[in-house]
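Undergrad: Listed below, chain by chain, are the residues.
Number of protein chains: 2
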Amino acid sequence: MDSASLELFGLLAGAVTSMGFIPQLVRGYKTKKLDDISYFMPIVLAFGMTLWFIYGLLQEALAVMVANTFGAACCLVLITMKKMYS
Amino acid sequence: MDSASLELFGLLAGAVTSMGFIPQLVRGYKTKKLDDISYFMPIVLAFGMTLWFIYGLLQEALAVMVANTFGAACCLVLITMKKMYS
Numbered sequence: 001m002d003s004a005s006l007e008l009f010g011l012l013a014g015a016v017t018s019m020g021f022i023p024q025l026v027r028g029y030k031t032k033k034l035d036d037i038s039y040f041m042p043i044v045l046a047f048g049m050t051l052w053f054i055y056g057l058l059q060e061a062l063a064v065m066v067a068n069t070f071g072a073a074c075c076l077v078l079i080t081m082k083k084m085y086s
Numbered sequence: 001m002d003s004a005s006l007e008l009f010g011l012l013a014g015a016v017t018s019m020g021f022i023p024q025l026v027r028g029y030k031t032k033k034l035d036d037i038s039y040f041m042p043i044v045l046a047f048g049m050t051l052w053f054i055y056g057l058l059q060e061a062l063a064v065m066v067a068n069t070f071g072a073a074c075c076l077v078l079i080t081m082k083k084m085y086s
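Chain order of the listed sequences is A and B. Residues 1 to 86 (the working numbering) make up the first sequence, in order. Residues 1 to 86 (the working numbering) make up the second sequence, in order.
Mixed in with the good hints there might be a few duds.
For identical chains, the list gives no copy identity; a pair is met inside one copy or between any two copies.
Stated by the list, open to error - Below, simulated PhoX-like cross-link-like pairs (lysine-lysine); rule was C-alpha separation at most 20 Å, straight line:
1. Lys82 with Lys33
2. Lys83 with Lys33
3. Lys32 with Lys82
Since the hints were made in silico from the structure, they are not lab data.
Put together the whole structure using the sequences plus the hints.
TA: Right under this line is the structure:
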């Protein structure tokens with residue numbers, strides 16, 4: 001697989017992983033309940049995704065950078081929503 | 001940053017991201033309640049992480065492979081727990 005195809009595959013993987021948080025945010029927004037979510041999950045994930053972003057930066061892997069920016073942002077939104085609804 | 005240090009940094013990032021699911025699993029195990037969690041979140045994340053695993057395989061990036069194997073496994077455990085407790 002050539003470099004461009006690999007990067008494209010990474011972007012696909014990143015898009016799917018990032019989208020994973022969307023249904024949780026939608027559900028939380030609809031039910032206004034996020035009690036069963038542990039604060040530590042989005043906090044630790046946001047921290048880890050920031051590290052992945054730096055890894056992507058050092059590797060010059062755009063897919064890793066984009067995916068983790070979006071993912072970390074979703075985690076921060078989730079933390080904010082849980083705080084608002086509790 | 002040399003290749004070995006970069007891989008080590010990736011492993012650190014992977015370790016932190018993977019650990020993010022642990023507090024959620026612990027909380028779910030303690031409270032026996034995972035109602036506020038959307039099934040789609042762990043399902044989509046497990047699928048995305050499988051794609052990341054393949055990306056890591058093609059890139060020969062061990063950190064990406066290890067982190068996403070563990071993360072996907074945690075997502076599958078979360079799905080199983082939510083099913084059991086509902």
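Undergrad: Would you mind marking each hint as holding or not holding in the structure?
TA: Status of each hint after checking the structure:
no.	hint	result
1	Lys82 with Lys33	both (7 Å within a copy, 16 Å between copies)
2	Lys83 with Lys33	both (10 Å within a copy, 19 Å between copies)
3	Lys32 with Lys82	both (8 Å within a copy, 19 Å between copies)
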